[in-house]
Amino acid sequence: MGSNKPLLLIHSSIKTLSLAENVNIMLTPQFYTMKKEALPLKYHYQAKKIAPSLFDGLLEEGGEYRYFVFKEGEEWVFIAYDPGKISLFLREKGISPEQVSKLFFAQQALDSFTGPVLLGEKEALVVLNDAVVVVPRTALAEELVPLAVDNSFTPSSGVVLEGSSGSLLSDKQTMIVAAVFLVFATMFFVEGWRYSHELKTGEGEMQRLLEEYPSLQSRIKRENIAAKYQTIDSMERKKREVVKTLAGMIFKGVTFHEFTMNEKGFKARFSCRDAKVAERLGTLAKKENFSVSKEAGSNELWIEGKL
Amino acid sequence: MNLKRYQNELIVLLAFLLLVTGFVYKSTQLALQAENAASAREAVSELKEVIALKKIWADKKISQKVDKLKILIPASKVSWSKKGKKVTAVYKGVNAKELNKLVSRLLSLPVVITKLDIKKTDATYHVEFKCKW
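For the protein sequence lines, the chains are G and A, in the order given.
Using our numbering, you'd call the opening residue of the first sequence number 1232 and step up by one each time.
Using our numbering, you'd call the opening residue of the second sequence number 58 and step up by one each time.
For the record, the hints were derived by calculation from the structure and aren't laboratory data.
In this text, a Cβ means the ideal position worked out from N, Cα and C, and glycines have one as well.
Keep in mind that the hints are not guaranteed to be accurate.
Derived CB-CB ranges, DEER-like [unchecked claim]:
1. A:99 x G:1506: 52 to 60 Å
2. A:133 x G:1454: 45 to 53 Å
3. A:133 x G:1444: 41 to 49 Å
4. G:1403 x A:94: 38 to 46 Å
5. G:1442 x A:133: 45 to 53 Å
6. G:1519 x A:99: 32 to 40 Å
7. A:152 x G:1483: 19 to 27 Å
8. G:1519 x A:149: 24 to 32 Å
9. A:152 x G:1449: 46 to 54 Å
10. G:1449 x A:174: 35 to 43 Å
Straight-line distance between alpha carbons at most 20 Å, and here's what the computed EDC-like set of lysine to aspartate or glutamate pairs gives [unchecked claim]:
11. G:1280 x G:1306
12. G:1470 x A:174
13. A:143 x G:1494
Given these sequences and hints, build the entire structure.
Okay, structure coming up:
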């Protein structure tokens, strides 16, 4: 946690430092602009939302400001700060942003400022009208004993200085990219779950059929039944097809005489009116891959085939 | 290594890993679904085929249906012999109309025709068939 780190009070006249460890930083009002308002707001996010409008015209142009909001009694405290400028100043003083764990504002530690805190040789930090302000040291009464800022001044909440992580991506970019990735990841997971669910639906139909026909539950039994009846089915269909085909060959000029069929094959005898009809019948039979035989000089045809 | 220094990259990397995991999960499920759906479809269609075949060729009412072939033609022309699940029938002197009716009905029955003889004598037909079920 930030509070475990040493707290360093940063003011404009601070000397260049050389830090061996990470620190928390408390900024004097020289680095921020503060406004206090008693607004009928219930939630912190509402206050944060209106913060930029409160500083309209108060801030230097060209700065990229961030806002920090907290409640002090019945009033909301709005703080505007420029992380870019703060980082630049810290670098000038030998503190790299990566060494900064958390950033606090002096106003947050209002109750801790029970006396003046000296800022260099000319200035001091004091509380005036419930606001932590910088005043010239000459304005301080001589009998006042100056305080030293230590870890007891560390407030409970602070801000992380942008760029303190040393990352190539800014916090905003990180949030956007991560959010996009997470949205897609969620979509993929949902889609995957849907596919796995649909998979179970397919199994459901099989289950329903097996429940309807419990005798077919065994795969071996199913295969035996299928093998037995498929053979019968195909053979019987073939027989019926043959009879149908031969019946179709009885056209004008063709007379049927006899037909015989057993498990192995069939044989049919037709007589034709003339050679032309006999030839046509023979062609038709050959088209069906039947064997055709005819006695010389006769118009009688034997059509036969195997099953 | 100071992880805090690269915390944003780590967050993005983590989100990206989740994205990749989600994609792999989805792709696996999709492939599994396609595979299982195909095998389930095949199994269901096989089962349906077995059910259909059983319904046709193991119909318990076949015997009664076959009996109707006996009364289709006037009894005087029919010689009928039924033993268990086998029938041997001889029809003598059936006309063309009766022949058509008889053959059509016989072919529509789910029975194994072991013998079918039809012989024309003048204007009538002599029919003999043997079937079993």
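Checklist entry - For this structure, which hints from the list above don't hold up? => result Failing hints: none at all.
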